[in-house]
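As given, the protein sequences belong to chains A, B, C and D, one line each in that order. Just so you know, we're using our numbering here: the first sequence kicks off at 1 and counts up by one. Just so you know, we're using our numbering here: the second sequence kicks off at 781 and counts up by one. Just so you know, we're using our numbering here: the third sequence kicks off at 1012 and counts up by one. Just so you know, we're using our numbering here: the fourth sequence kicks off at 1099 and counts up by one.
Rather than coming from a laboratory, the hints here were simulated on the basis of the structure. Note that the structure is predicted; figures quoted are calculated from it, not measured. One should not assume that every hint holds.
Derived coverage of chain A by chain B (criterion: at least 3 residues anywhere in the stretch with Cβ under 8 Å from a Cβ of chain B; other residues may be distant) [claimed, not checked]:
1) 465-476
2) 700-713
Calculated pairs, DSS-like style, for lysine-lysine (alpha carbon to alpha carbon, straight line, at most 27 Å) [claimed, not checked]:
3) D:K1109 with C:K1052
4) D:K1139 with C:K1052
5) D:K1118 with D:K1139
Every residue gets a Cβ at the ideal spot worked out from N, C-alpha and C, and that includes glycine.
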Amino acid sequence: MSTENDRAELIDVRPEGPKPDTTADAAATPDKHQPYEALGLKADEYAKIREILGRRPTSGELAMYSVMWSEHCSYKSSKVYLRQFGQKVSPAMKKDLMVGMGENAGVVDVGGGWAVTFKVESHNHPSYIEPFQGAATGVGGIVRDIISMGARPVAVMDQLRFGDIDAPDTRRVVDGVVQGISFYANCLGLPNIGGETYFDAVYQGNPLVNALAVGVLRHEDLHLANAKGVGNKVVLFGARTGGDGIGGASILASDTFSSGGPTKRPSVQVGDPFAEKVLIECCLELFRDELVEGIQDLGAAGISCATSELASNGDGGMFIELDDVLLRDPSLTAEEILMSESQERMMAVVSPDKLDAFLAVTAKWDVETSVLGEVTDTGRLVINWHGEEIVNVDPRTVAVDGPVYERPVAYPSWIDALQADTAATLARPTDPEEVRAQFLQLLGSPNLADKSWVTNQYDTYVLGNTALSFPDDGGMVRVDEESGLGFAIATDANGRWCQLDPKQGARLALAEAYRNVAVTGAVPAAVTDCLNFGSPEDPEVMWQFSQAVEGLSDACLELEIPVTGGNVSFYNQTGSAPIHPTPVVGVLGVIQDVAKRVPSGWQDDGDNIYLLGTTSLELDGSAWAGVVHDHLGGRPPAVDLAGEKQLGGLLAAGADQSLLAAAHDLSDGGLAQALAESVMRFGVGARVWLGELLERDGLDLATTLFSESTGRVIVSVPREDDVRFRGLCEGRGYPVARIGVTDASSRSLEIQDVFTVSLDELRSTHRGTLPARFGATIPQ
Amino acid sequence: MRVGVVTFPGSLDDRDAQRAVRLAGGTPVALWHGDHDLQGVEAIILPGGFSYGDYLRAGAIASLSPIMTEVVDAANAGMPVLGICNGFQMLAEARLIPGAHTRNAHQQFIRRDQVLRVENASTDWTNGFAEGQEITIPLKNADGRFVADAETIARIEGEGQVAFRYVGVNPNGSMDDIAGVSNARGNVVGLMPHPEHATEPGFGPDTPDAMSSGVDGLTFFTSVIERALSK
Amino acid sequence: MPTIVVEVMPKAELLDPQGKAVVGALSRLGQQQFTDVRIGKRFELTVEGEVTEAVLADVRRLADDVLSNSVIEDVVSISVLDAAPAV
Amino acid sequence: MPTIVVEVMPKAELLDPQGKAVVGALSRLGQQQFTDVRIGKRFELTVEGEVTEAVLADVRRLADDVLSNSVIEDVVSISVLDAAPAV
Ligand SMILES: Nc1ncnc2c1ncn2[C@@H]1O[C@H](COP(=O)(O)OP(=O)(O)O)[C@@H](O)[C@H]1O
Ligand SMILES: [Mg+2]
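Isolated chain A (complex conformation) (with noise of 0.2 Å):
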């Protein structure tokens, strides 16, 4: 279950007045017209909750049914393909996993006694409307995943998508999404150890904000949210419920913006972090103390969610008094407070025996709670009002077995013709001067600029455990002080290369976040990913869709990795017009101790630097095709997910070995780019030549520098361990090349007769295009 609901829209859902229309009203008049269109329930979908409940529902139901078969919650359009991630998988694949897809978030074992859960969830469309409230909500949902699993939250990472860097509305998206997290995160006391930040034109009216949350727990601290033991209490606590983005996961996320209408509750929520933060420990301290059967996050579809989701999930059947909802507003109708989507609640399970000690926990901290109803047998959620009946559903067919659909799927019509399209036509330079103008122009571009604009303004230092995040390719934090065991996270989507070809996009997503995971000197274990789409009503974007799910899970199984959970958003465009498809992927790796990581730039002076893998011509939706000559056409990189495994394991053997001194990714802006993030990275300059290269992969200068083939890391190692380090690539068979050496001295990046870029030059470079649109920061 998520947290995302989609759109400003906002409605009335009170069609029924002040009096509560209940399961006798319903059976009394069957005729009776429901607004299910303006709830975002179609003919057949409302005619099949007629067929279920052999009457018409009550408001209440239509409103818990149209929520819940909603997109965003149900994945109705989405589930037949995210199956796969399911089948797809190897014994290998299974090991480690304790928790699979399906739960609030999937649960990877990472040794000593220790698990780590963590997931990725969208919050796009709020966020475009009120970027600060969007983006802070976003936060705090996908953070309540994490806590219901009964683990302590550690790390949050933030993915971000906006327009074009220099459209007028950019900035208020920018400053709000960027402050949102800030403020939210860092109240909480979670380090954010990474994530993306791009700017694209296609995001215009449809930014992209995902956010990631990371979870450690003890082995036997898992819980799972389910309602179990027939007479056991419902509770409900946090934050009291208000009519705050009602309506919001279902008319949000099922059809495009229409503009106005007349208002009554405003759909966007006010996050609280603060009591989040109280929430958290809270729930830390029921977990301890075994107070709890089971706890439940409130997200999207509030009250309705929670409940049919902990029935279904164990004995079947609940029983609610709706009365005993602490209000902030008490004019709520019983719809509306079924919908509100106010943040900051949780729903727990809990034995009568230990109701009392439960409640001196909340009484502690301060956080409100009522007893709503207990655990029943009966199989039916059942939901009084006033003393009257206004629900009574199997709550699995609310919950589980909602709509499915397959969708119709089209080969889009302009794909053959872009793909014909090749950068590998468009000029390239020849002379020096004029590769260094492109160089610098590629390093000053609003994708491959400094970040730290917007990374300055989170904490990273906060819990004491952060041992690597921006700019390195992966964050990492420890799990455990005493043997230094911990995780690394790392995430990645190119939407350029997605729309090119989304099944090859979709696999080099997650080729380059297993490699960020692995140059950290982590092992690859487990994958989460939100997927972000145009609108699933659209047979081209279906297409696209099916294209990325096929292309991660067959990838996943390649690398013996399993999907442990993540989140789809669909309906990310402005008109007809559908952003690139976006999946992001987000890999998690083991690293028995932190202590031997491996961070992404040069340190010392005089170590070798080696180029491992080779390059070749591949162009095509490059960030020099895209900076240089505006172009987007071709075919994306070839990736050998062999081969990347071969990589890791080579980059996981050398940081064991404690060989490498730093080791950093080519991607976005090829070779150019990395050297010169190396370099920056502790203002260690180095002397780099290229002639051996360009002989053995027979390549033009260009091309060797800009060219974003995969499977490439550069890594530089210290003299002495030099003969051991060529010792490993030869036993591994992989491509290696000494292409320089690390010039402490220097203070600048020399590529031997091409050019000189003093580190002033490229930081200046580097830093400056953000603050130059964003206003300025503090230097770093």
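Position chains B, C and D with the ligands relative to chain A; hints supplied.
Just chains B, C and D with the ligands, lined up with the frame of chain A:
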């Protein structure tokens, strides 16, 4: 030495402060904001975070907490008290040190490794430093701009109550580049940067020697412990 | 120079976490008579010259477009300072 | 239920960076007639029961001790809502 670390609702760096006390050789004691009990500790740390969400004014609501009565009494009786970031804000709100904090001049939350100059190396929390020594301590705050009226500034400057000053960059617009302040007696010290984040090799700020190896913050905690032992 | 006061409050339907925290603090101080607190903003704009109808029209527009965020806030009052209630 | 409004402004001697940023934004929008903007807070306290002199006395004290910090702020007005100026 038993050093109390008070946890308020919304405290975030309380565990880090406890770890720092341990690394310095002391015994951390967790204190709860709602109690009236200092559990016999010999020094107190008010840790960083966003107590009560920093709503109203940073540190304001926490400064009204039950335990603050005891903290104020203990401070006035000479017990060493260190307020870090949010704790600094609480000390100011509780009037244990002069001045107040407002929103950063540039309006944003900022995190950076900050160079500080030790201006007063005689307080309970700074006696392990040399006067004029430059140290690097992580800074992270949104409401870190230290302000006071001209008279107060003149007084604390004149009486050596400015404990730390920002060097190179003033990250929040604080008056006179003031990063940390003590009371007249020198047992109560507040500062915006976070010394507890520069106490463990591998998790501190970068130094010219190696990444994340900065441990300049450890001296705050050893200062108070060693002075207590030498008494 | 004259001062125009613009007052902006969070929308009544939306959660006001700040206000909530203050109600809690007041009640812990024994002040239970306050059932709700909401915290908004007060802008004081100093105007060069006279406060004409045109200036007021400008302020009304700016109050909606710049000083407040209509998604989450309402402009509750615009007044010229002299007309403000006394302390 | 009656509402008491407490208004707090940053002290005039202190720089108000947020206000300064708004002056800048207004002037970029071509609104140069505003020479200064200062941003303070407006508290709306909902009171259970009648607003007696005793309640007002409580509010005055809380305004000074809790709702504002006299090092940086002044309480500029306390009023009962009905007496507030109209929009
Ligand atoms: N929005 C963000 N939040 C946190 N970290 C970010 C964000 N955007 C970029 N970063 C960090 O900045 C660094 C550079 O980003 P990027 O060039 O996209 O990395 P890569 O090419 O390795 O995927 C990385 O450490 C990344 O985690
Ligand atoms: Mg990378």
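Index of numbered hints that the structure contradicts, given in increasing order: Result: hint 2 breaks, nothing else.
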